[in-house]
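4 protein chains.
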Amino acid sequence: MEPYYHKVSYYETDRMGVTHHSNYIRWMEEARVDYLNKIGVSYARLEEEGLVSPVVGLSCSYLRSTTFDDTVRIVVRLDSYRGVRFAFSYEMFLPDQPSPVFTASSTHCFLDQAGKPVMVRHNNPKLDALFKAQLKERRE
Amino acid sequence: MEPYYHKVSYYETDRMGVTHHSNYIRWMEEARVDYLNKIGVSYARLEEEGLVSPVVGLSCSYLRSTTFDDTVRIVVRLDSYRGVRFAFSYEMFLPDQPSPVFTASSTHCFLDQAGKPVMVRHNNPKLDALFKAQLKERRE
Amino acid sequence: MEPYYHKVSYYETDRMGVTHHSNYIRWMEEARVDYLNKIGVSYARLEEEGLVSPVVGLSCSYLRSTTFDDTVRIVVRLDSYRGVRFAFSYEMFLPDQPSPVFTASSTHCFLDQAGKPVMVRHNNPKLDALFKAQLKERRE
Amino acid sequence: MEPYYHKVSYYETDRMGVTHHSNYIRWMEEARVDYLNKIGVSYARLEEEGLVSPVVGLSCSYLRSTTFDDTVRIVVRLDSYRGVRFAFSYEMFLPDQPSPVFTASSTHCFLDQAGKPVMVRHNNPKLDALFKAQLKERRE
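Chains as they are written, first to last, in my numbering: chain V, 5 to 144; chain F, 5 to 144; chain A, 5 to 144; chain E, 5 to 144.
It is worth saying that the hints were derived from the structure and are not from the lab. Glycine included, every Cβ here is placed at the ideal spot set by N, Cα and C. Treat each hint with caution, since some may be false.
[Claimed, not checked] Over 10 Å on every C-beta distance to chain E, these chain F residues come out as not near it, computed from the model:
#1 Met-5
#2 Ser-13
#3 Arg-30
#4 Arg-89
[Claimed, not checked] Okay, derived cross-link-like pairs now, BS3-like style, lysine-lysine, Cα gap no bigger than 27 Å in a straight line:
#5 Lys-11(E) with Lys-130(F)
#6 Lys-140(V) with Lys-42(V)
#7 Lys-11(A) with Lys-130(V)
#8 Lys-130(A) with Lys-140(A)
#9 Lys-42(E) with Lys-11(F)
#10 Lys-42(E) with Lys-136(E)
#11 Lys-140(E) with Lys-130(E)
#12 Lys-11(V) with Lys-42(V)
#13 Lys-11(V) with Lys-140(A)
#14 Lys-42(F) with Lys-11(E)
#15 Lys-140(E) with Lys-11(F)
#16 Lys-42(V) with Lys-11(A)
#17 Lys-42(E) with Lys-130(E)
#18 Lys-42(A) with Lys-11(V)
#19 Lys-140(A) with Lys-42(A)
#20 Lys-120(A) with Lys-136(A)
#21 Lys-136(F) with Lys-120(F)
#22 Lys-140(F) with Lys-11(F)
#23 Lys-130(V) with Lys-120(V)
#24 Lys-11(E) with Lys-11(F)
#25 Lys-120(F) with Lys-130(F)
#26 Lys-140(F) with Lys-130(F)
#27 Lys-42(F) with Lys-11(F)
#28 Lys-130(A) with Lys-11(V)
#29 Lys-130(A) with Lys-120(A)
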């Protein structure tokens, strides 16, 4: 799968001269939405169908800094998926650098509009199949 | 009326070493919500009642910079109110400085949840009276 | 010149369901940096050479809303340039819509690292020539 | 120690109707700066003295949502401090609710302006003493 690219904006830097650490959390979201698109899932459409998918946990390691004008390559993978929870991992890279600048994982669930947890395999069999296919591909 | 105070956060600075200009727009919103509270209007309650109040125009002058740890004093005034439109003006100051660091005005309207313009004096007579009292006070 | 495109992120929306108005200010910056790149000016390099270019004024009209997943087309033009000040105008569009969702202008100056205004035609003749060429092109 | 309070701004919500998850990371920073102030350390002064303190790791659990107009109480504690690394923990609460809405920890180091790790007890004995006093107080 093609990685996602984010070009660092000036407004994402802070007075240390580098990208403020909170923005990586936002890029994780951009890259996750892009990942879903690439496997055939529109997050906007999921919402229209009444599903939301909040973040329930995050874990991040900041390894090197980035700054304005850098193009950050973001590799996303579905790490686990069972029942109502699923998790992604992220690696972010600067061009031509083999070591990541940032690694992270995020855990999510699906909720309906009343805020109740949703079993994807009952509620959205197509999404369930796409997630299972991704996990299978990773194991192979 | 007591001014509103905003303490500049580190994440609001950029690599020029100063507050990024987009954050003043956000402080205008904070100060506007605080102003409404002080005249007896809860913006959260307005929303529950089905009113929203988008920004339709902004005009801003950046006169001096501010940075992390500065406490910015924000003076808000209702400048005009007629029919569906109303406008606020803003002046922001650093402590012990007579000249503002930033001045601005914003124009707003009220919409119902279908996105239709709302005449406040029909829809919300209490708010209409509060706005008129503010304008009257300014003129005196 | 090719327009700049910004895809609206989830984190750019607010609980009105649409893009928060402060983000358009940030997209103006993204589009301005992209415009400079397209005429041959790297803003990152200008900074390395000791020039910064703060915003001194903004004027914005919010005409329609945008939201998550929208791809916003942003047309930037250099509107004026004389001495130490220059101004850009912006029009933002949703796909296949002839009327803009947002229009704005921004005024800027150039400062050296001591915060002193800089005459671009003395300090950076290449940039001066590029700006004059853009203005000339617009008039023709 | 008095907790830190953050009132949720409208611009911090997203179209799910709740605070966007990235903002909690920013509130952690606000609360950390406030904590340092309360034990007698100005982060702005540390920077003037040539020290910066980037985030090297984060771990967050999102337990319940918050939204516009909520006043979030944030309890920060220094969890560990040895050599060049130190860690804080955070608990965030809504008024009158015994269970937190969010818990997290962050790990930091101190760097000099050249980006080299700094042993606080050599470079800044006053800060070293303050951190040790905090840890001792926690254990008692």
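Please flag the earlier hints that this structure goes against, numbers listed from lowest up. When the structure is compared with the hints, numbers 2, 3, 13, 15 and 22 turn out to be violated.
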